[in-house]
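K.L.:
Starting from the structure of chain F, add chain V where the hints point.
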Amino acid sequence: MVPIYLFTILFVIFPLIYMIVLSFMSRAEVWGVVMDFTLDNYKKILEPLYLNTFKESLQLAFLSTSIIIFIGYPFGYYMGQLEDKWRKRMMLLIMIPFWTSSLIRLYGWIIMFRSNGVLDMVLMGLGITEKPLKLLYSYPAVATGMVYALLPFMILSVYSSVEKMDWSLVEAARDLGASRTKAFWTVTFPLTLPGLMSGVILTFIPSMGLFFIADILGGNKIVLVGSVIQEQLTKGRNLPFAAALSVILMVLTSILIRLYRKIFHTRNVEGLV
Amino acid sequence: MKKIAAILLGIMMVAGVLTGCGKNTTNDENGANQTTQEAAQTAEATAESTDSNTTALSGELNLYTWDGMFPQEVLDGFEEETGVKINYSNFDYDEDMLAKLEETKGGDYDLVIADDYIIELAIKEGLVQKLNKEQIPNFGNINPLFQSQFYDATNEYTVPYGSGIPLIVYDKEAVGFEIKSYEDLWNPALEDNLAIVGNYRVIDGITLKTLGESFNTEDLDTIQKAGDKLLELAPNIRLISDSNTQDYIVSGEVSAAFLYTSQVTQALEANPDLSVCYPSEGLGFGIMAGFIPSQAPNADAANAFLNYILQPEVSAKCFESIGYYCTTKAAEEFISPELKDTLVVPDTVTEGEIIQNISQEAEDLHSEIWKKFQEACD
Numbered sequence: 001m002v003p004i005y006l007f008t009i010l011f012v013i014f015p016l017i018y019m020i021v022l023s024f025m026s027r028a029e030v031w032g033v034v035m036d037f038t039l040d041n042y043k044k045i046l047e048p049l050y051l052n053t054f055k056e057s058l059q060l061a062f063l064s065t066s067i068i069i070f071i072g073y074p075f076g077y078y079m080g081q082l083e084d085k086w087r088k089r090m091m092l093l094i095m096i097p098f099w100t101s102s103l104i105r106l107y108g109w110i111i112m113f114r115s116n117g118v119l120d121m122v123l124m125g126l127g128i129t130e131k132p133l134k135l136l137y138s139y140p141a142v143a144t145g146m147v148y149a150l151l152p153f154m155i156l157s158v159y160s161s162v163e164k165m166d167w168s169l170v171e172a173a174r175d176l177g178a179s180r181t182k183a184f185w186t187v188t189f190p191l192t193l194p195g196l197m198s199g200v201i202l203t204f205i206p207s208m209g210l211f212f213i214a215d216i217l218g219g220n221k222i223v224l225v226g227s228v229i230q231e232q233l234t235k236g237r238n239l240p241f242a243a244a245l246s247v248i249l250m251v252l253t254s255i256l257i258r259l260y261r262k263i264f265h266t267r268n269v270e271g272l273v
Numbered sequence: 001m002k003k004i005a006a007i008l009l010g011i012m013m014v015a016g017v018l019t020g021c022g023k024n025t026t027n028d029e030n031g032a033n034q035t036t037q038e039a040a041q042t043a044e045a046t047a048e049s050t051d052s053n054t055t056a057l058s059g060e061l062n063l064y065t066w067d068g069m070f071p072q073e074v075l076d077g078f079e080e081e082t083g084v085k086i087n088y089s090n091f092d093y094d095e096d097m098l099a100k101l102e103e104t105k106g107g108d109y110d111l112v113i114a115d116d117y118i119i120e121l122a123i124k125e126g127l128v129q130k131l132n133k134e135q136i137p138n139f140g141n142i143n144p145l146f147q148s149q150f151y152d153a154t155n156e157y158t159v160p161y162g163s164g165i166p167l168i169v170y171d172k173e174a175v176g177f178e179i180k181s182y183e184d185l186w187n188p189a190l191e192d193n194l195a196i197v198g199n200y201r202v203i204d205g206i207t208l209k210t211l212g213e214s215f216n217t218e219d220l221d222t223i224q225k226a227g228d229k230l231l232e233l234a235p236n237i238r239l240i241s242d243s244n245t246q247d248y249i250v251s252g253e254v255s256a257a258f259l260y261t262s263q264v265t266q267a268l269e270a271n272p273d274l275s276v277c278y279p280s281e282g283l284g285f286g287i288m289a290g291f292i293p294s295q296a297p298n299a300d301a302a303n304a305f306l307n308y309i310l311q312p313e314v315s316a317k318c319f320e321s322i323g324y325y326c327t328t329k330a331a332e333e334f335i336s337p338e339l340k341d342t343l344v345v346p347d348t349v350t351e352g353e354i355i356q357n358i359s360q361e362a363e364d365l366h367s368e369i370w371k372k373f374q375e376a377c378d
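Protein chains in written order, with the working numbering: chain F, 1 to 273; chain V, 1 to 378.
So that you can see chain F by itself, here it is in the shape it has in the complex (with noise of 0.2 Å):
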């Protein structure tokens, strides 16, 4: 047990204080950061712009989120009732492309989107546009690309929770009467619901911070918390702003896990939270 509490307290515990302490801090003229406490950079984060970024976040990350779980759960659903043989093909379909860096695997979709390119072609050979539609570098782009890169997430645990139901339950509710559509809301919903928790929990948070995906796909136009945070390491040479930050996003987060939790009066959440 010791090696878990000290890795948990170097790699978690540590940072996590590092970081809240930076927040406080000031910047160093030059470079680095002076011991001045100050709540400045709080203060700054409730400025207009900032919290437009946060909201602008949280829009995309609702948006993929929704649309994750409109393919992730029918998707999960199935694959867990599939035969054993069938399982292990899907799950190793889902995990191949695991195999290459979600980077390289964006550029792809580089290819897909841009003008005259493979989505451009097929769509004009086809006769459905006239010139190349403009697809990329938009926002729309931008949530493909979160939902691309997210979806196995979802589909693993709901298919996880899927995988350990007790059939027998929904076989009861039909014997009783109940309808395919009743005894999927009243039986197999409420007991798939926690792996479908976890799922949005997986994806959601994720989906607020990925903003090499925003980059990418959006051509720097799109900004999330996530590019703000990044740019205030780098260019801007602000640590404590970008630690501020970092720390809200993550005060941020836990309030949604929490109000998850109370809306779907669930405790468990596949052991995640």
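Derived by calculation from the structure, the hints in this document are not laboratory data.
Just so it is clear, CB atoms sit at the ideal spot from N, CA and C, and this is done for glycine as well.
Take the hints with a grain of salt, since some may be wrong.
Claimed, not checked - Cβ-to-Cβ under 7 Å is the rule here; a few derived chain F residues that face chain V:
1. L49
2. S115
3. N220
What the hints assert, rightly or not - Away from chain V, derived, C-beta distances all over 10 Å, residues of chain F:
4. V12
5. F24
6. F70
7. T181
8. I222
9. G236
10. L249
11. M250
12. L259
To be verified - Below 20 Å or equal to it, Euclidean Cα-Cα: the simulated SDA-like pairs (lysine to any residue) are:
13. V:K124 to F:W31
14. F:K44 to V:A362
15. V:K100 to F:K44
P.N.:
Here is chain V on its own, set in the frame of chain F:
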């Protein structure tokens, strides 16, 4: 068992997604490592320096700069001539480099090549040592146009290695008019058709230029005025990118682009039919230069390397490969004729303004303006 496997898979996947944004790790833990490493290296260095009294040059040269700043044959040539082994490590941003030097207190690296403004900061922080000009007899080969700049007014710390002038590159046919100035970028004919680099000081800077102001003005009202004007550019912006921006004009994704020098060179190489505009409002100038960190383990090798790359033939090879304006006057005649146009600074360029460090308030305002601009673009 299955659950454990699932959790492990999950962790692997999260790690996979997160590697994409792994560029900026917290520097703290590295710091601890580095100090022990540093101690080891200073011990090594002292051992070496006693050596170097007997033999001229030995050991390793830790070179720290962007990726692809030297052709392999030049690196090999130096290793062969001196027997010093070169360790090439690279950074993406100047700021990463400065952070690294702060961490190592000016140790670990023997030679750094970076941008002008960051060198000023590094010198201010006491992280740079003076050059040993006795070991650099080729110092006189440097083009004086690129010397005595704000970051090193007395030329004691740096050797310039390449200069950049951001320019507008465009496809005349697609654009439909001749671009003569920064102001022309605001032309509505360019709607959703312009790619620009992502450095806010540069982009805010050219907006200041269209108002007849300096890149480096610290007057907040003036900067704000430029910021308001910059917002009007938003409808024309197709994308903002610092890396490989030239690809978008070459592939026809955009019809005009505001690019760094090396990108201009590459764009023209890929498509010689593109037109280049030297904006009439005045040019922006950037200089990259090499310096030796204060605690460099092998400063002798660094001085020798600087001397090596200042040889006219070697220097010419370097600039042909990196595609920046040649800062070694003596090398100009060795640059191949077809590249002369793009690599030798035109005689007409007698002045250009360099972007310098400005007051914190002004810098912050620039950064805010940039964020507003990005939001207006989407």
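K.L.:
Each hint: holds or not?
P.N.:
Okay, the hints, checked on the actual structure:
1. L49: holds (6 Å)
2. S115: holds (5 Å)
3. N220: At 4 Å from the nearest chain V Cβ, N220 of chain F passes the 7 Å test, so the hint holds.
4. V12: holds (12 Å)
5. F24: holds (16 Å)
6. F70: Nearest chain V Cβ is 20 Å from F70 of chain F, so the label holds.
7. T181: holds (29 Å)
8. I222: About 5 Å separates I222 of chain F from the closest Cβ of chain V, which leaves it inside 10 Å; violated.
9. G236: violated (6 Å)
10. L249: holds (13 Å)
11. M250: holds (14 Å)
12. L259: Nearest chain V Cβ is 22 Å from L259 of chain F, so the label holds.
13. V:K124 to F:W31: holds (10 Å)
14. F:K44 to V:A362: holds (16 Å)
15. V:K100 to F:K44: Cα-Cα ~28 Å, so violated.
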